[in-house]
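Enquirer: Take the sequences, apply the hints, and build the full model.
Those protein sequence lines, which keep their order, are chains V and U.
Using this note's numbering, you'd call the opening residue of the first sequence number 1 and step up by one each time.
Using this note's numbering, you'd call the opening residue of the second sequence number 1 and step up by one each time.
Just so you know, these hints were derived from the structure itself, not from any lab.
Please note that the accuracy of each hint is not assured.
Stated by the list, open to error - FRET-style restraints, in silico, Cβ to Cβ:
id, chain 1, residue 1, chain 2, residue 2, range
1, U, A53, V, N26, 23 to 33 Å
2, U, H82, V, T79, 39 to 49 Å
3, U, I60, V, K71, 23 to 33 Å
4, U, N114, V, R110, 21 to 31 Å
5, U, H82, V, D38, 36 to 46 Å
Said to hold, decoys possible - The list that follows gives simulated cross-link-like pairs (lysine-lysine, DSSO-like), each with its CA atoms no further than 27 Å apart:
id, chain 1, residue 1, chain 2, residue 2
6, V, K57, U, K49
7, U, K110, V, K9
8, U, K69, U, K110
9, U, K58, U, K107
What the hints assert, rightly or not - To give an idea of the chain V side of the interface with chain U (calculated C-beta under 10 Å), a few residues:
id, residue
10, F12
11, G40
12, L45
13, Q50
14, A92
15, D107
Even glycine gets a Cβ: it sits at the ideal position worked out from N, Cα and C.
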Amino acid sequence: DGGITQSPKYLFRKEGQNVTLSCEQNLNHDAMYWYRQDPGQGLRLIYYSQIVNDFQKGDIAEGYSVSREKKESFPLTVTSAQKNPTAFYLCASSTSGYSNQPQHFGDGTRLSIL
Amino acid sequence: AQSVTQLGSHVSVSEGALVLLRCNYSSSVPPYLFWYVQYPNQGLQLLLKYTSAATLVKGINGFEAEFKKSETSFHLTKPSAHMSDAAEYFCAVSVSQGGSEKLVFGKGTKLTVNP
Numbered sequence: 001d002g003g004i005t006q007s008p009k010y011l012f013r014k015e016g017q018n019v020t021l022s023c024e025q026n027l028n029h030d031a032m033y034w035y036r037q038d039p040g041q042g043l044r045l046i047y048y049s050q051i052v053n054d055f056q057k058g059d060i061a062e063g064y065s066v067s068r069e070k071k072e073s074f075p076l077t078v079t080s081a082q083k084n085p086t087a088f089y090l091c092a093s094s095t096s097g098y099s100n101q102p103q104h105f106g107d108g109t110r111l112s113i114l
Numbered sequence: 001a002q003s004v005t006q007l008g009s010h011v012s013v014s015e016g017a018l019v020l021l022r023c024n025y026s027s028s029v030p031p032y033l034f035w036y037v038q039y040p041n042q043g044l045q046l047l048l049k050y051t052s053a054a055t056l057v058k059g060i061n062g063f064e065a066e067f068k069k070s071e072t073s074f075h076l077t078k079p080s081a082h083m084s085d086a087a088e089y090f091c092a093v094s095v096s097q098g099g100s101e102k103l104v105f106g107k108g109t110k111l112t113v114n115p
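Expert: Here it is, written out as structure tokens:
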């Protein structure tokens with residue numbers, strides 16, 4: 001079955017450590033997205049990519065970095081500069097970056113601070 | 001700026017009762033609108049989308065939503081709630097920004113269904 005796979009499901013970070021969240025899709029979608037979800041805050045866009053080797057900052061990109069070297073993969077690194085990283089992180093993809101295309105979501109990674 | 005407001009962070013209904021989840025948007029042009037559902041510790045699943053073809057949109061699991069331009073609303077309804085409908089629901093509007101198009105989500109409404 002086609003879908004989006006996020007790993008790991010749970011992740012713990014020590015102070016000063018960078019961690020990378022994996023997102024892989026086999027839907028042949030061009031566009032991919034990373035969101036952060038906090039209780040009562042909805043989803044906030046971190047980064048998005050509409051094609052390979054290109055990505056743009058979302059609303060809360062500070063303290064995060066991404067790469068898009070392959071169409072199927074869009075990993076997110078939470079750097080030590082992100083002072084409040086505890087959240088639920090969701091990866092999504094869509095056929096294209098056009099606004100009438102729905103986004104398909106993975107099951108998320110929950111990041112906590114040790 | 002385009003945005004979406006969900007009225008009521010928590011809604012509680014009895015099993016078999018009408019479900020009404022409210023969503024209002026702000027947009028200078030006719031928007032594309034979406035409703036998603038999220039079950040605990042899972043990602044979001046698309047319930048339905050409005051892309052200007054018809055004002056009444058039917059989705060999965062018996063849900064539907066009506067686009068009302070005059071009220072800038074896109075409320076989600078289901079005639080009879082089921083226990084399995086308990087989840088968090090998000091309304092989203094598409095926006096164009098800096099030559100790119102992306103979704104802006106409301107803060108969500110958590111639906112509780114009482115037996």
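Enquirer: Evaluate each hint against the coordinates.
Expert: Now the hints, each set against the structure:
1. A53(U) with N26(V): 23 to 33 Å: 29 Å, holds
2. H82(U) with T79(V): 39 to 49 Å: Since the Cβ atoms of H82(U) and T79(V) sit about 44 Å apart, the hinted range of 39 to 49 Å holds.
3. I60(U) with K71(V): 23 to 33 Å: 28 Å, holds
4. N114(U) with R110(V): 21 to 31 Å: 28 Å, holds
5. H82(U) with D38(V): 36 to 46 Å: With Cβ atoms ~29 Å apart, the hint is violated.
6. K57(V) with K49(U): Measuring from Cα to Cα gives roughly 25 Å; hence the hint holds.
7. K110(U) with K9(V): 23 Å, holds
8. K69(U) with K110(U): 25 Å, holds
9. K58(U) with K107(U): Satisfied, since the Cα-Cα distance of roughly 23 Å is no more than 27 Å.
10. F12: 16 Å, violated
11. G40: 6 Å, holds
12. L45: Constraint on L45(V) satisfied, holds at 6 Å.
13. Q50: 7 Å, holds
14. A92: 8 Å, holds
15. D107: 5 Å, holds
Checked against the numbered hints given earlier, this structure breaks hints 5 and 10; the rest are met.
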